[in-house]
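All chains, full assembly: derive it from the sequences and hints.
First residue of the sequence shown? That's 11 in the numbering used here, and the numbers climb one at a time after it.
Where hints are given, some of them may not hold.
Ranges between beta-carbon positions, derived for each pair [unchecked claim]: (1) L91 <-> G65: 15 to 23 Å; (2) T79 <-> R25: 18 to 26 Å; (3) T79 <-> I43: 17 to 25 Å; (4) K111 <-> I45: 39 to 47 Å; (5) I45 <-> N128: 12 to 20 Å; (6) K42 <-> K111: 26 to 34 Å; (7) N131 <-> S95: 28 to 36 Å; (8) L19 <-> T79: 37 to 45 Å; (9) L19 <-> F47: 36 to 44 Å; (10) V23 <-> T124: 18 to 26 Å; (11) D18 <-> N128: 19 to 27 Å.
No more than 16 Å apart at the CA atoms, straight line, and that leaves these computed lysine to aspartate or glutamate pairs for EDC-like [stated by the list, open to error]: (12) K103 <-> E86; (13) K36 <-> D18; (14) K42 <-> D64; (15) K36 <-> E86.
Read the hints as simulated data drawn from the structure, not as lab findings. Virtual Cβ for every residue (Gly too), placed ideally from N, Cα, C.
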Amino acid sequence: MATSTTTDLKGSVERGQAMLETFIGKFIDFPKIIIAFVNGPAVGISVSTLGLLDGVYASSSATFSLPFTRTAQSAEGCSSLIFPSLMGSLHAKDVLLFDRKLTAEQAEQRGLVTRVINEKNF
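What follows is the structure, encoded as structure tokens:
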């Protein structure tokens, strides 16, 4: 027999999952070009969704981090599907499973960032 707390938790998880699916679906189905400009630390879903965009330009001081393992979460935003094709399986695992923080230059080398721009010109 489920308690109201268990039922509330299950419903909350299901609503959260539906909201995330809708959010990510908007990126996938958006009919126009989407370009990101990253100026500083990007963490979590702000990094996960970069692979869904048409262009990503980063300040030379930007960093990219996905602390999924540290926060006991699974990868989100299609990153477990898209990152291996962007940066190769080994680099994707390093970023997704081991919270490897990337500099802007490293993110560009791995295909996550289109181009790095000197922070003075950003």
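*Between V23 and T124, does the C-beta distance stay in 18 to 26 Å?*
Violated, at about 35 Å.
*Supplied distance hint 15 to 23 Å, evaluated on CB atoms of L91 and G65*: holds (20 Å)
*Take a quick look at whether K103 and E86 sit within 16 Å of each other, Cα to Cα.*
holds (14 Å)
*Just tell me: holds or violated, for the beta carbon distance of T79 and R25 against 18 to 26 Å?*
Since T79 and R25 have Cβ atoms about 25 Å apart, the given range 18 to 26 Å holds.
*K42 versus K111 beta-carbon gap, inside 26 to 34 Å or not*: Distance hint for K42, K111 holds at roughly 31 Å.
*Take the C-beta atom of L19 and the C-beta atom of F47, compute their distance, and say whether it sits inside 36 to 44 Å.*
For F47 against L19, whose Cβ atoms are near 38 Å apart, the range 36 to 44 Å holds.
*Can you let me know if the beta-carbon spacing of N131 and S95 is within 28 to 36 Å?*
holds (30 Å)
*Confirm or reject the claim that K111 and I45 have a C-beta distance inside 39 to 47 Å.*
The hinted range 39 to 47 Å is violated for K111 and I45, with Cβ atoms some 23 Å apart.
*Range hint 19 to 27 Å: satisfied by the CB atoms of D18 and N128?*
At roughly 50 Å between Cβ atoms, N128 and D18 fall outside 19 to 27 Å, so the hint is violated.
*Hinted pair K42 and D64, Cα distance within 16 Å*: holds (9 Å)
_Status of the given 17 to 25 Å range, CB of I43 versus CB of T79_ = Taking Cβ atoms as reference, T79 and I43 lie about 33 Å apart, which means the hint is violated.
_Run the distance test for K36 versus E86: straight-line Cα separation, threshold 16 Å._
Given pair K36, E86 holds - Cα atoms ~14 Å apart, limit 16 Å.
Hints 3, 4, 8, 10, 11 and 13, counting from the list given before, are not met by this structure.
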